[in-house]
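Peer 1: The chain contents come next:
Number of protein chains: 2
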Amino acid sequence: MLKDIDQGLPQSLERLFELLRIPSISADPDYAHECRHAANWLKEYLETFNFTTQICETEGHPIILAQELSATDAPHILFYGHYDVQPVDPLELWHTPPFEPAIIKDASGCDVIHGRGSSDDKGQILTFLEACRAIYNQTGQLPVRVTVILEGEEESGGEHLPGFLEVQKNSLHPDMAFICDTDMATPDVPAITAMVRGLVGEEVTIYAANRDLHSGLYGNAARNPIQVLSEMITALRDGQGRVTVPEFYEGVPHIPEEIKSKWQEIGKTDEALLSPIGLKEAAGEKAFKAVEQTWCRPSCEINGISGGYEGAGFKTVIPAKASAKISFRLVGQQDPLKIRKNFREFVKSFIPQDCRVEFESHGASRAGMVSLNGPVLGTVCDALRDEWHCETAIVGSGGAIPVVNDLQRVFGIESFLVGFANVDDCIHSPNEKYNLRSFHKGIRSWVRILYALQTVKL
Amino acid sequence: MLKDIDQGLPQSLERLFELLRIPSISADPDYAHECRHAANWLKEYLETFNFTTQICETEGHPIILAQELSATDAPHILFYGHYDVQPVDPLELWHTPPFEPAIIKDASGCDVIHGRGSSDDKGQILTFLEACRAIYNQTGQLPVRVTVILEGEEESGGEHLPGFLEVQKNSLHPDMAFICDTDMATPDVPAITAMVRGLVGEEVTIYAANRDLHSGLYGNAARNPIQVLSEMITALRDGQGRVTVPEFYEGVPHIPEEIKSKWQEIGKTDEALLSPIGLKEAAGEKAFKAVEQTWCRPSCEINGISGGYEGAGFKTVIPAKASAKISFRLVGQQDPLKIRKNFREFVKSFIPQDCRVEFESHGASRAGMVSLNGPVLGTVCDALRDEWHCETAIVGSGGAIPVVNDLQRVFGIESFLVGFANVDDCIHSPNEKYNLRSFHKGIRSWVRILYALQTVKL
Numbered sequence: 001m002l003k004d005i006d007q008g009l010p011q012s013l014e015r016l017f018e019l020l021r022i023p024s025i026s027a028d029p030d031y032a033h034e035c036r037h038a039a040n041w042l043k044e045y046l047e048t049f050n051f052t053t054q055i056c057e058t059e060g061h062p063i064i065l066a067q068e069l070s071a072t073d074a075p076h077i078l079f080y081g082h083y084d085v086q087p088v089d090p091l092e093l094w095h096t097p098p099f100e101p102a103i104i105k106d107a108s109g110c111d112v113i114h115g116r117g118s119s120d121d122k123g124q125i126l127t128f129l130e131a132c133r134a135i136y137n138q139t140g141q142l143p144v145r146v147t148v149i150l151e152g153e154e155e156s157g158g159e160h161l162p163g164f165l166e167v168q169k170n171s172l173h174p175d176m177a178f179i180c181d182t183d184m185a186t187p188d189v190p191a192i193t194a195m196v197r198g199l200v201g202e203e204v205t206i207y208a209a210n211r212d213l214h215s216g217l218y219g220n221a222a223r224n225p226i227q228v229l230s231e232m233i234t235a236l237r238d239g240q241g242r243v244t245v246p247e248f249y250e251g252v253p254h255i256p257e258e259i260k261s262k263w264q265e266i267g268k269t270d271e272a273l274l275s276p277i278g279l280k281e282a283a284g285e286k287a288f289k290a291v292e293q294t295w296c297r298p299s300c301e302i303n304g305i306s307g308g309y310e311g312a313g314f315k316t317v318i319p320a321k322a323s324a325k326i327s328f329r330l331v332g333q334q335d336p337l338k339i340r341k342n343f344r345e346f347v348k349s350f351i352p353q354d355c356r357v358e359f360e361s362h363g364a365s366r367a368g369m370v371s372l373n374g375p376v377l378g379t380v381c382d383a384l385r386d387e388w389h390c391e392t393a394i395v396g397s398g399g400a401i402p403v404v405n406d407l408q409r410v411f412g413i414e415s416f417l418v419g420f421a422n423v424d425d426c427i428h429s430p431n432e433k434y435n436l437r438s439f440h441k442g443i444r445s446w447v448r449i450l451y452a453l454q455t456v457k458l
Numbered sequence: 001m002l003k004d005i006d007q008g009l010p011q012s013l014e015r016l017f018e019l020l021r022i023p024s025i026s027a028d029p030d031y032a033h034e035c036r037h038a039a040n041w042l043k044e045y046l047e048t049f050n051f052t053t054q055i056c057e058t059e060g061h062p063i064i065l066a067q068e069l070s071a072t073d074a075p076h077i078l079f080y081g082h083y084d085v086q087p088v089d090p091l092e093l094w095h096t097p098p099f100e101p102a103i104i105k106d107a108s109g110c111d112v113i114h115g116r117g118s119s120d121d122k123g124q125i126l127t128f129l130e131a132c133r134a135i136y137n138q139t140g141q142l143p144v145r146v147t148v149i150l151e152g153e154e155e156s157g158g159e160h161l162p163g164f165l166e167v168q169k170n171s172l173h174p175d176m177a178f179i180c181d182t183d184m185a186t187p188d189v190p191a192i193t194a195m196v197r198g199l200v201g202e203e204v205t206i207y208a209a210n211r212d213l214h215s216g217l218y219g220n221a222a223r224n225p226i227q228v229l230s231e232m233i234t235a236l237r238d239g240q241g242r243v244t245v246p247e248f249y250e251g252v253p254h255i256p257e258e259i260k261s262k263w264q265e266i267g268k269t270d271e272a273l274l275s276p277i278g279l280k281e282a283a284g285e286k287a288f289k290a291v292e293q294t295w296c297r298p299s300c301e302i303n304g305i306s307g308g309y310e311g312a313g314f315k316t317v318i319p320a321k322a323s324a325k326i327s328f329r330l331v332g333q334q335d336p337l338k339i340r341k342n343f344r345e346f347v348k349s350f351i352p353q354d355c356r357v358e359f360e361s362h363g364a365s366r367a368g369m370v371s372l373n374g375p376v377l378g379t380v381c382d383a384l385r386d387e388w389h390c391e392t393a394i395v396g397s398g399g400a401i402p403v404v405n406d407l408q409r410v411f412g413i414e415s416f417l418v419g420f421a422n423v424d425d426c427i428h429s430p431n432e433k434y435n436l437r438s439f440h441k442g443i444r445s446w447v448r449i450l451y452a453l454q455t456v457k458l
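Protein chains in written order, with full-length UniProt numbering: chain A, 1 to 458; chain B, 1 to 458.
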């Protein structure tokens with residue numbers, strides 16, 4: 001099987017190149033027909049290896065739903081990817097045209113697939129689909145049941161995916177999800193992104209006097225809402241960098257030392273993370289390293305603050321109100337609604353009697369976290385180790401990945417993010433590339449994973 | 001003398017009405033010739049009672065310099081006022097045309113002089129000048145030496161006055177200044193504004209990462225400058241409402257209890273000050289009442305704060321910088337430059353090693369405070385008591401009055417602010433008025449003051 005993949009690599013690449021040549025830029029309405037072109041191409045492609053397919057219309061770009069469910073007794077996996085790509089501006093910075101894919105040597109002599117979408121996400125999704133294709137062509141059947149969902153709006157808001165998933169809620173019954181849209185730990189070390197932080201966004205506005213005041217006439221005597229707001233913000237963290245909202249750390253999981261030590265091994269040191277942004281010391285909880293603070297620890301950030309006179313020069317005003325946009329990043333089982341409630345109580349406790357506060361919600365999503373002790377994670381890790389000859393890194397993502405939340409909410413399933421991209425792939429930038437090695441060994445990895453999942457006990 | 005004033009009141013009013021009919025709106029270039037008209041009118045008027053006069057040109061409206069120095073051995077007082085007025089929009093809200101002065105009855109049956117400039121400041125300056133005129137006409141000489149400076153840009157920035165004063169620095173040698181541009185304590189109680197707060201303005205910008213960051217990817221680990229700024233602002237006041245900048249209270253004077261208790265008697269209660277602006281409790285130092293906090297205690301106010309995303313909706317950013325505009329109101333002998341220096345040191349002590357801070361200065365002026373035990377204050381108080389038959393209130397002004405600082409800086413003299421306006425005079429608004437009683441008893445007051453000053457020992 002794996003030898004067939006090696007021998008068929010030129011043909012696999014040719015299929016990838018066909019897809020890469022379609023400029024399916026979802027953000028630009030002028031390219032809507034190209035998005036449909038890509039969807040149609042994928043539909044026909046999937047049908048060549050026994051998937052039943054539908055092009056599902058949305059108010060935006062279509063979503064492809066494809067299934068190969070013949071392995072009746074095996075687990076049912078849902079594979080999510082996206083066929084749309086980022087715009088290509090500024091075009092003059094590309095070394096070769098973005099939609100004329102080519103294999104070139106990078107600075108270190110490695111072969112890379114050059115072109116928009118090679119890494120994000122067409123190259124990545126074809127690692128999975130070429131694996132399915134090879135297995136089907138060799139055996140006439142996949143080892144597990146597979147549902148494929150490929151959307152066309154991931155790069156432009158993805159607003160129609162959640163509604164589509166809701167519609168499928170009672171007809172699809174996947175056991176788990178796989179997503180191939182993330183990085184490896186290093187070019188040699190595979191990674192599974194097993195923890196994705198959730199988010200609670202809140203806007204807080206504190207009102208004091210019934211109008212803006214002259215700070216000469218009223219300065220000292222009139223309550224200043226900027227001062228009140230600052231005091232509340234200051235109190236949100238204690239001297240150890242811990243968030244002080246009551247019950248905030250309920251549901252925060254303990255991450256085993258062997259997982260965290262791997263993060264240092266793969267180079268996620270404080271210096272590596274902070275030095276590129278001009279900083280030296282991790283600013284969060286003192287007991288945790290920078291990578292831990294962003295991957296497995298919850299946080300509270302002030303995303304914006306506003307009040308009084310903000311223009312050039314000076315105006316001696318005491319404003320009637322001041323506001324801040326504040327977000328919490330959540331991990332593990334933290335409950336976003338409970339945190340919102342406790343945060344609001346916390347803020348109210350800082351409001352003097354003659355001020356009032358208003359809140360506005362800006363989203364609430366749970367963290368996505370797979371079971372670190374569950375049977376799937378270990379199985380996938382082993383399969384990846386067999387292909388890459390080293391231990392798989394269990395990593396996190398500090399930012400939210402909405403589809404992970406959507407899949408959790410609609411189907412109640414965990415998402416395993418297994419990707420073969422690299423941090424230097426220039427996704428969203430000129431000269432996007434995907435290592436040829438990622439493409440080749442990515443296909444081989446999925447063959448191993450699919451067979452390994454065949455016997456996993458859920 | 002006083003009887004002459006009573007008998008001559010109709011003629012005094014006619015002279016005031018002539019001046020009020022000149023629409024000397026300094027902010028509107030279309031009225032520049034009217035400003036000059038007012039200056040010329042005042043020049044000719046002053047010459048009718050023995051003042052030597054000059055119209056001093058500036059790049060804006062002219063300044064009148066007039067002197068009557070024949071009382072060789074008597075003190076030399078500088079009287080400052082302004083002949084320009086505020087614009088009159090919205091015109092439709094005026095009950096009678098703004099530049100057609102008239103005496104009308106107000107709601108309580110009092111006679112008031114109605115028209116733009118009646119209170120701010122033409123009516124007030126003519127209380128002083130009509131007093132001089134009456135004394136000269138009766139005696140052929142003023143009891144003290146008098147220099148009059150009348151500017152035409154007080155309502156539009158006053159930018160040329162400081163330069164004019166500097167030019168006069170070595171030719172004028174006044175002993176003290178009088179300004180008639182303030183309110184009485186109540187319609188029955190005269191007031192001397194003896195303390196005017198100074199100001200130090202500072203803009204503080206705190207820089208952290210070298211660019212705006214995604215708060216998912218970096219939240220917790222990357223220093224958030226809004227958080228740092230909030231912590232610094234919080235620390236600027238202690239739990240008792242005192243400003244914590246080192247040595248901040250050096251030079252803050254003790255105000256005798258009899259002066260402060262008068263403030264409550266004239267109605268400056270916490271409720272009277274705070275209830276109109278929708279507040280209940282004085283927010284500054286707990287040991288002081290609201291009026292004390294604004295008149296005789298220094299303060300620190302946050303006039304503006306800005307950082308991160310401030311638009312509609314939400315953006316999960318950790319900004320590269322955050323800034324605040326912060327001002328200190330000063331009293332007594334507080335040193336603005338020392339406070340600026342100590343404040344900057346204070347801020348720097350809050351800056352983590354991988355942040356940096358920049359400061360921008362926005363003005364530094366000392367408080368204006370007359371000696372509460374000096375011979376002039378008591379003399380003027382006594383003269384006012386004789387006219388109004390009650391004790392004069394010694395009051396403060398929370399906001400800066402730039403000319404007080406200019407006179408202190410250039411001539412090294414104290415300014416005594418003696419005004420007969422009332423809080424309901426609608427200065428800067430439609431239907432400006434000046435109580436006829438203020439005009440009449442104001443002239444009488446100045447006669448008493450000028451004679452009393454004749455023998456004051458400096």
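None of these hints come from the bench; they were simulated from the model.
Do not rely on the hints blindly, as some may be mistaken.
Unchecked claim - Quick list of the computed label-pair ranges, beta carbon to beta carbon:
#: 1; chain 1: A; residue 1: Glu391; chain 2: B; residue 2: Gln240; range: 25 to 31 angstroms
#: 2; chain 1: B; residue 1: Glu271; chain 2: A; residue 2: Arg409; range: 52 to 58 angstroms
#: 3; chain 1: A; residue 1: Asn210; chain 2: B; residue 2: Leu93; range: 42 to 48 angstroms
#: 4; chain 1: A; residue 1: Ala272; chain 2: B; residue 2: Gln333; range: 51 to 57 angstroms
#: 5; chain 1: A; residue 1: Asp424; chain 2: B; residue 2: Gly363; range: 29 to 35 angstroms
#: 6; chain 1: A; residue 1: Thr244; chain 2: B; residue 2: Arg344; range: 26 to 32 angstroms
Since this is a predicted model, take the numbers as computed values, not measurements.
All C-beta atoms in this analysis are idealised placements derived from N, C-alpha and C, irrespective of residue type, glycine included.
Peer 1: If you check each hint against the structure, which ones fail?
Peer 2: Violated: hints 1, 3, 5.
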